[in-house]
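Chains R and G, in that order, are what the protein sequence lines are.
In terms of our numbering, the first sequence has 141 at position 149, counting the first letter as 1, and numbering is strictly consecutive.
Here our numbering = 1-based position in the second sequence + 412.
Fair warning: there could be bad hints in the mix.
Pairs of lysine-lysine residues, derived as PhoX-like cross-links and limited to a Cα-Cα distance of at most 25 Å, are as follows [claimed, not checked]:
(1) G:734 to G:749
(2) G:639 to G:523
(3) G:808 to R:70
(4) R:70 to G:672
(5) R:152 to G:444
(6) G:672 to R:32
(7) R:40 to G:749
(8) G:749 to G:523
(9) R:78 to G:672
(10) G:474 to R:152
(11) R:78 to R:40
(12) R:26 to R:70
(13) R:78 to G:639
(14) G:464 to G:734
(15) R:32 to R:70
No lab work stands behind these hints: they were computed from the structure.
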Amino acid sequence: MDRVSAQLPEAVADRYVDRTGGAWAVIHADSLPKVAAFLKNDPELEFKLFGSIDGVDRLHLAENDPRFEVVYFLYSIKRHEHVRLKVRVSESQPVIPSLTPLFRGANWWERLTFDFYGIRFDGHPDLRRILLYDEFQGHPLRKDYALRDRQPLIPERPIKDIFRGPGTSGLS
Amino acid sequence: MADPVKPESHAPNPDTDAYAHESELESHLQTKRMVINMGPSHPATHGTVRLKVELEGETIVKIDPEIGFLHRGFQKSCENVTWTQCLPYTDRLNYLSAMMNNFGFLNAVEKLIGLEIPERAQYIRVIGSELHRLTDHLTCVGATGLEMGGFAPFLFAMEFRELLHDRTAELTGARLTTSFGRVGGINRDLPEGWIQKVHKSLDRGLELIDEMDVLLTRNRIFVDRTKGTGVISAEDAIDFGYTGPALRACGVDYDIRKTKPYWVYDRFDFDVPVGEHGDNYDRYLVRLEEMRQSVRILRQAMDTIPAGPIIVDDWRIALPPKPEVYGTIEGVMSHFKLVMEGIQVPAGEVYDSTEASNGELGWYIVSDGGGRPYKVHVRAPGFPVLAAVPHIIEGKMLADLIPTFDTINMIGGEVEQ
């Protein structure tokens, strides 16, 4: 973390250590790819193993502005250490540069975060829902999405060139 | 039922009538690009996942795994129940090694509270975890053998797994989804005479593992289908976020039990098997050896387990003993508070990881100071492993998909959270 602050001082918005001793760095959204590239490529750090990404909706917490936090966990096999990064984005403009060009492992995690929180990742090659179907409305892990919310029924999708087996006329 | 619309004249069909014309016999076999669905519920996919496979002949041109058929809203559900009520949900993430998920979650919660659990509870957690590491690997190795055409190795694996499930049932009262952990310790102590029984089961189990080893490791069909297929280089594996046996098969020595020991893992003597090529055969060998190492850990843990309490003596965290609940007002009150409101975990956040059977199981937990989690994020080891399947398999044969899918051991529950 000290190295990151020394190398890219303008990228780090805030640094703190949580109660359990984990060190965090809050990064400006624009400089996230720069920080991640530095962490990955620096020969002394080599945070190459992609851990995970997830969002936090801080709607009901004391500090809820900006509303969303996206957390990144990278791991260095060389140093046996985790690095914890955090990016804060507002509800009106939930856009973060994608890390997929840098880490291929980020691809699905970014899709997951997009699916659940509606945070868009700029530069992602294939940003679509991953767990839920395309017609799903809303983003279920946001705190204002009710636990027992219902979704409208969707019509069956037409399927082209389907062959349903011998003995049928080809129609369902 | 007879087909009412019979075609009058036989229209030529280029797919089926190819052999009817002699000239075409000498021409190349006709292929056309076709899309087939494997799954969502296919005998060779462990778990509910749909693979949209685009084939050119037998070669896979493109593959798109589609997950989410099992999605149960794990995170959302956890945010609406107390910390203790999350435990059954965590069990069902990986239904083959429920205790590991359970204890991993508790480890993170205890770290957030700042709680040290009693030594005996730590030993029992190690024992439970290793038992379930065995059952998980047995299922994986057995199913791999089965899907390569060998039924006997699968039967041996199931026999050992049944023995372990019986021991698990004696310990926890359930065979698969045990819900055995509690914040601050575990649910109940070891039953009387249980350790001797486990030793006996492990003796039989080692014989069964050897039988599987003999039947599979040098089997011509098995070796031909697994060696050199599903290869992923160490660099790519790290880039995708592989952990556990799938990463170690590539030659990367990373095991959280060694690098950042939790509970009492640093007191035991065991080795971490590492592969070389990162192919299906290495992943199989790594799992096979890991089972033997698990048996070693189990034996050491059971031989050295100390006496003592199995849960912390703090009525704000653990339920008070029943005589206190029925006999004293303090007991009633703390029981009521714990059941109705849940454990009051101080506000804060934590990221903690343990070595589950398929790799690093990470938990990112945010608490707002109440009795319910504000946010629970699980970094399931199967998720990145499945995400890399297109990279591994594109351009290879359809038949290679089966062993690859077997040995990466993706578990639907944790991938789909």
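Restraint status (C-alpha distance of residue 40 of chain R to residue 749 of chain G at most 25 Å): It is violated: about 45 Å lies between the C-alpha atoms, which goes past 25 Å.
Pair hint residue 464 of chain G and residue 734 of chain G, alpha-carbon separation not exceeding 25 Å: Roughly 55 Å separates the two Cα atoms, so the pair is violated.
Residue 734 of chain G paired with residue 749 of chain G [C-alpha distance capped at 25 Å]: Holds - the C-alpha atoms of residue 749 of chain G and residue 734 of chain G are around 15 Å apart, at most 25 Å.
Agreement of residue 26 of chain R and residue 70 of chain R with the hint, judged by alpha carbon distance not exceeding 25 Å: holds, 21 Å
Agreement of residue 672 of chain G and residue 32 of chain R with the hint, judged by alpha carbon distance not exceeding 25 Å: Holds, at about 21 Å.
25 Å Cα cutoff - pair residue 474 of chain G, residue 152 of chain R: Distance of about 19 Å is within 25 Å: holds.
Straight-line alpha-carbon gap residue 78 of chain R to residue 40 of chain R, limit 25 Å: OK: residue 78 of chain R and residue 40 of chain R at ~17 Å, within 25 Å.
Agreement of residue 70 of chain R and residue 672 of chain G with the hint, judged by alpha carbon distance not exceeding 25 Å: It holds: about 13 Å lies between the C-alpha atoms, which stays within 25 Å.
Restraint status (C-alpha distance of residue 78 of chain R to residue 639 of chain G at most 25 Å): Cα-Cα ~42 Å, so violated.
25 Å Cα cutoff - pair residue 639 of chain G, residue 523 of chain G: violated, 42 Å
Straight-line alpha-carbon gap residue 152 of chain R to residue 444 of chain G, limit 25 Å: It holds: about 16 Å lies between the C-alpha atoms, which stays within 25 Å.
Restraint check for residue 78 of chain R with residue 672 of chain G, where alpha carbons must lie at most 25 Å apart: Roughly 23 Å between the alpha carbons, so the hint for residue 78 of chain R and residue 672 of chain G holds.
Checked against the numbered hints above, the structure breaks hints 2, 3, 7, 13, 14 and satisfies the rest.
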